Amino acid sequence: MTQTKHDFMVLGVNHTTAPVLVRERITFPGNQDGAVTRLVAQTRGIEECVILSTCNRAEIIAAVDDSEEVSERLIQLVAQIHGLGADSLIPHLYVKRRSDAVSHVFRVTSSLDSMVLGEPQIVGQVKAAFKRDAAANATGPLINRLMHRAFFTAKRVRTETGVALSAVSIAYVAVELAKKILGDLEQSEALLIGAGEMAELTARHLAGNVRKPIRIINRTIENACALAAQFEGTAEPIDRLFEALTTADVVITSTGSCDPIIMFSDMKAVMKRRRHKPIFIIDIAIPRDIEPRVNDLDGVYLYNIDDLQAVVDENIGERRAEAEKAGNIVDDEVRKFMNWNRSLEWAPTIVALKNKFEEIRINEIGRLNGRLAELNDTEREAIDILTKSIINKIAHGPISFMKQSLKTSRHNQHIDFVQRVFDLNSFVSGSESEEAQISGYETDHRN
Amino acid sequence: MHLMFFKVSAIFYLISSIIYAAFLLRSKGTTCLSGFCFVAAGFVTHTSSILHQFWVLGFFPMATPFDAISLFAWGVIAIFVALQFWDRNPVLGAMAAPIATVLMLVASTFSYQISQPIVPVLRSWWLPIHVSFAIAGNSVFTVMAMAGAMYIFQERLIKRKKIGRFHKILPSLETLDTFNRRALPIGFFFLTLGIISGALWASSAWGSYWTWDPKETWSLITWFAYAGMVHQRLALGWRGKKAALLAIAGFCLVMFTFVGVSLLLGGHHSFVGLCRETVLS
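Chain order of the listed sequences is A and B. The first sequence maps to residues 4 to 450 in this note's numbering. The second sequence maps to residues 158 to 438 in this note's numbering.
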């Protein structure tokens, strides 16, 4: 008998393979506590798995047996869970195996496969999914190792390349800029004038960084109140505008006004009252809410939506270049992981070989026990050392043969061959000792 | 042997200058550990150099331009090292390390002191006190000017909406302005003590506090300039770009008082005669 061979597999849909209409139907509902993952993990042919579901992707990452049918079975299962026909799913699905699957998991975790390249949320999402499924007992030594290496790779990508350095959404760029002007923002005061999707998104991003409640000013106080409730901020009428400008540090304006609401002369007076404390103004409105000349005032930093978009575009270009470097890191880590993975295939055989030799040694010494009775302890010890060194020397040949063959494509036959030559069938045991071995290797290889 | 520690630290500063320069030109990160390690190593050997001199000579040698400029470089680096606990910005290192390197090179062109000065006036405890305060003030104002230059650069990038790599490496405007606000009174305090200690020393040596010697005059001008800055900052709330520009202008004045006056205008602080004496002695 040869040991069961395992393989890694990824099956899923993402923003490049499936339209939103399909993606929003594949969400693995009811998986908050990992129940669905457990169900999948109990499928025949699947040993361990993690299910990742974000707005841009849904994936099953699994350690499976070596058979071809297992992907078929998984597709059926996914279709069944979501009440869809398998045929309608298949055109949007990707199935990756072996090193492709490992590489995919590493790339996803490192945010190289994200819609917004390098966005930082994905690591957290993968970690959460893994934590949930590990708690649900759906993972084991293989997936645990795979995920840990994925997190390690993501960390390397983050620290060794600039992929994550530059912000690529307008809201994010705005907050980063605010930090470059005003420091860590904790003590800053944010002011939102008007409403609108972009403005609210930016304000929400800011709200995560400032400690004081956001002040919201609107021509209609009801709208201001509604927004204030959303952000846990305070609503104020429009006639408090200039008073608010005197204390605010970050201002987002987005009104529907046809003429600018803040003119150069207004702002000049405001700056005097602020004692020239710097102010960062983001004008999202079209047409503009603020006279562009205001930017010339000392201490005023006025950015409109086009300025921010230009920063975003520049950052995206920068990230692309860095992504190439990140790709090399991923390849490097995939290679290391696959070496470890292959080492699992011969590990049980090596243990079996050593066990067999040791058994022979113990038996033979036992058989001679009567004739060895006259020996004293030192002599017995010498015999022990001698016999041990003999079996180690003999075992060395086949072990290095197997390790060498890892580099060739025929290592499976070679392992099989060693097992037959030394008649190891009864020694290569079931999955229990294999798992012990794997976890042993895991501690050995941990970084 | 006297100069071994000094030379080693000058080499360390030079290496870190190169590392920092390369970092600014190429790297994407926001910290430059290797550059800092060399600065720190240079700081340790430089400190050893000063202590070694003290140990060998039995007094702190401060009477020659060599010692004063070397101490100046040490002061700038000491402030930079201390600032690492606050903000690990590589741009500051990229300015401090080359400045220290240049100062070390300038210092090494002067002859160093190997025995107690011949001139009786210089055999006084007022010498180390006066020089230390004056150099401490100069060092603080130097780093303040560096922060000012960084502020103006960063401010221009933000105003002109040119958000590139430098924008990301440079500290925030708030950080730089906070440094200016905190450093200004400290530097001013040292400058004041330097002038007062000089006056007291003059009184004990020549019996007169103030003789309108060129160095004294220019120190007073510098003092008024910084007093003005402190006033503007505290009373009128000047900050940001104006404060940064003033820090740079003040630094130019400090440098003129420190170097220019001795070279161009002569007076008590002219080292010309002194050097010859120490070399000969």
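If you are wondering where the hints come from, they were derived from the structure by calculation, not from laboratory data. Only a predicted model underlies this, so the values are computations on that prediction, with no experimental measurement involved. Backbone N, C-alpha and C fix where the C-beta goes; we use that ideal spot for every residue, glycine too. Accuracy of the hints is not assured; some may be wrong.
Listed below are the simulated DSS-like cross-link pairs for lysine-lysine, each with C-alpha atoms no more than 27 Å apart in a straight line [claimed, not checked]: (1) B:LYS399 with A:LYS275; (2) A:LYS280 with B:LYS399; (3) A:LYS280 with B:LYS398; (4) B:LYS399 with A:LYS182; (5) B:LYS398 with A:LYS275; (6) B:LYS316 with A:LYS271; (7) A:LYS99 with A:LYS182; (8) B:LYS316 with A:LYS182; (9) B:LYS164 with A:LYS275; (10) A:LYS271 with B:LYS398; (11) B:LYS372 with B:LYS325; (12) A:LYS134 with A:LYS396; (13) B:LYS325 with A:LYS158; (14) B:LYS372 with A:LYS280; (15) A:LYS182 with B:LYS318; (16) B:LYS318 with A:LYS271; (17) A:LYS182 with B:LYS164; (18) A:LYS357 with A:LYS339; (19) A:LYS391 with A:LYS357; (20) A:LYS182 with B:LYS325; (21) A:LYS134 with A:LYS99; (22) B:LYS318 with A:LYS275; (23) A:LYS406 with A:LYS396; (24) B:LYS372 with A:LYS182; (25) B:LYS325 with A:LYS328; (26) A:LYS8 with A:LYS406; (27) B:LYS319 with A:LYS328; (28) A:LYS271 with B:LYS164; (29) A:LYS280 with A:LYS357; (30) B:LYS318 with A:LYS280; (31) A:LYS280 with B:LYS325; (32) B:LYS316 with A:LYS280.
Counterexamples of contact, computed for chain B against chain A with all Cβ distances above 12 Å [as the list claims (entries may be wrong)]: (33) LYS164; (34) HIS324; (35) LEU330; (36) LEU333; (37) PRO371; (38) PHE408.
Point to revise | Numbered hints the structure breaks, given as an ascending list | key: 7, 9, 11, 12, 14, 17, 24, 28, 29, 34, 35, 36
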